[in-house]
Amino acid sequence: MKKSVILFLSLFFIAFLACSENSSDDTQMPDDDQSQVPENPQQSFPANFQATGSSANDLLSNASFNRLRVEIAFVEGFRPTEVALNEFQSFLQQFTFKENIDLVFTELSSPDEEDLTLQEISDLEIANRTVYNEGSTLGIYIYFADAPSEGDDLDEGLVTLGAVYRNTSMIIYEETVRTLAGRSGTITNADVESATLNHEFGHLLGLVNLGSPAVNDHEDVDAENHCNVDPCLMRAELEFRATSKSAASNKNGLQSSCTLDGNILLNQMESNVSRGIAAPPDLDAECQLDLEANGGRPTTTS
1 MKKSVILFLS LFFIAFLACS ENSSDDTQMP DDDQSQVPEN PQQSFPANFQ
51 ATGSSANDLL SNASFNRLRV EIAFVEGFRP TEVALNEFQS FLQQFTFKEN
101 IDLVFTELSS PDEEDLTLQE ISDLEIANRT VYNEGSTLGI YIYFADAPSE
151 GDDLDEGLVT LGAVYRNTSM IIYEETVRTL AGRSGTITNA DVESATLNHE
201 FGHLLGLVNL GSPAVNDHED VDAENHCNVD PCLMRAELEF RATSKSAASN
251 KNGLQSSCTL DGNILLNQME SNVSRGIAAP PDLDAECQLD LEANGGRPTT
301 TS
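FYI, in my numbering the residues of the sequence shown are 1 to 302.
Incorrect hints may have been included.
The following label-pair restraints were derived from C-beta to C-beta distances [stated by the list, open to error]: (1) Glu134 / Ile277: 36 to 42 Å; (2) Glu99 / Arg275: 31 to 37 Å; (3) Asn216 / Glu76: 23 to 29 Å; (4) Phe105 / Ala47: 21 to 27 Å; (5) Glu156 / Asn216: 31 to 37 Å; (6) Ser110 / Asn66: 33 to 39 Å; (7) Val215 / Asp102: 39 to 45 Å; (8) Asp112 / Asn216: 44 to 50 Å; (9) Gln94 / Asp115: 21 to 27 Å.
Treat the hints as calculated values from the structure; they're not laboratory data. Keep in mind the model is a prediction, meaning the values are calculated, not measured. Just so you know, even glycine gets a beta-carbon here, dropped at the ideal spot from N, CA and C.
With the hints as extra help, turn the sequences into a complete structure.
What follows is the structure in structure tokens.
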């Protein structure tokens, strides 16, 4: 009898340990949860630290990635509007085959900088980014900053709204977006955010000749990777790279492929509103054709 009791207790103890181990496994984060910042993301996820436009086909088609996860990292108090984020998702669904699009929000403390250099932006990304490519999911990082670009000169009318600097990396100068929208009686924060997001993401999709080759020649000869068609979301007049410090290469070779000029964009949107059309400009037929040819979703106007 005593042996039976001992055997029963031993079996019970073993079963208890097994259940405890299973419970611990069940509470672990799923494999696709990247809530922790990797120690060395550039070594761990090299595919997310390539040249702008090099992931254009991966973004447009579902050949390698059928899911898109976008990390919306924002300084406390500078979260983008829901209207702009909804329009951004609609833009992605219109021109890509990605139907599974997740937005992951990461609130960050302010870096307490008067302005931001491209290297500082890159350093902030490396320190805070949590979403990277994993399996069939392609990861994107967008940082909404509370400081302007280093290249801004308000007195000269040079105001930077956004920039892309890697194949899955983008910055939106949210503080500047709000300042600019506040100067207009017809254009809202959401209008400026939406136009900036879509323009910069157009470069990640490879426009113009930046990973999605032009089917017909429509690249501006004076502004590389921008469209010469007016009106177009990607038109050359919207950027002022030649006059902006933030677009210059630094010692590590980091370079912005586009620096979006806020004043010119605001003027275009106000003109659109005065003509009774939507404030944020659309992609023209040539840009749409380029995206479709590189694996994007066919559109009715292309």
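TODO: With 21 to 27 Å as the target window, see if Phe105 and Ala47 comply at their CB atoms.
DONE: holds, 23 Å
Open item on the list: Given a hint of 21 to 27 Å, does the C-beta separation of Gln94 and Asp115 actually sit inside it?
Closed with: Distance hint for Gln94, Asp115 is violated at roughly 34 Å.
- [ ] Kindly confirm whether 36 to 42 Å is satisfied by the beta carbon distance between Glu134 and Ile277.
- [x] The hinted range 36 to 42 Å holds for Glu134 and Ile277, with Cβ atoms some 40 Å apart.
- [ ] Can you let me know if the beta-carbon spacing of Ser110 and Asn66 is within 33 to 39 Å?
- [x] Since the Cβ atoms of Ser110 and Asn66 sit about 36 Å apart, the hinted range of 33 to 39 Å holds.
Open item on the list: Verify the CB-CB distance for Asp112 and Asn216 against the hinted window 44 to 50 Å.
Closed with: holds, 48 Å
Task: Consistency of beta-carbon spacing, Arg275 to Glu99, with hint 31 to 37 Å - done: holds, 33 Å
Open item on the list: A range of 23 to 29 Å was offered for this pair. Does it hold for the Cβ distance of Asn216 and Glu76?
Closed with: violated, 46 Å
- [ ] Go ahead and decide if the range 39 to 45 Å is satisfied by the Cβ distance of Val215 to Asp102.
- [x] violated, 31 Å
Open item on the list: I want to verify a distance hint. Is the separation of the beta carbons of Glu156 and Asn216 within 31 to 37 Å?
Closed with: holds, 35 Å
Hint violations for this structure: numbers 3, 7, 9, all remaining hints satisfied.
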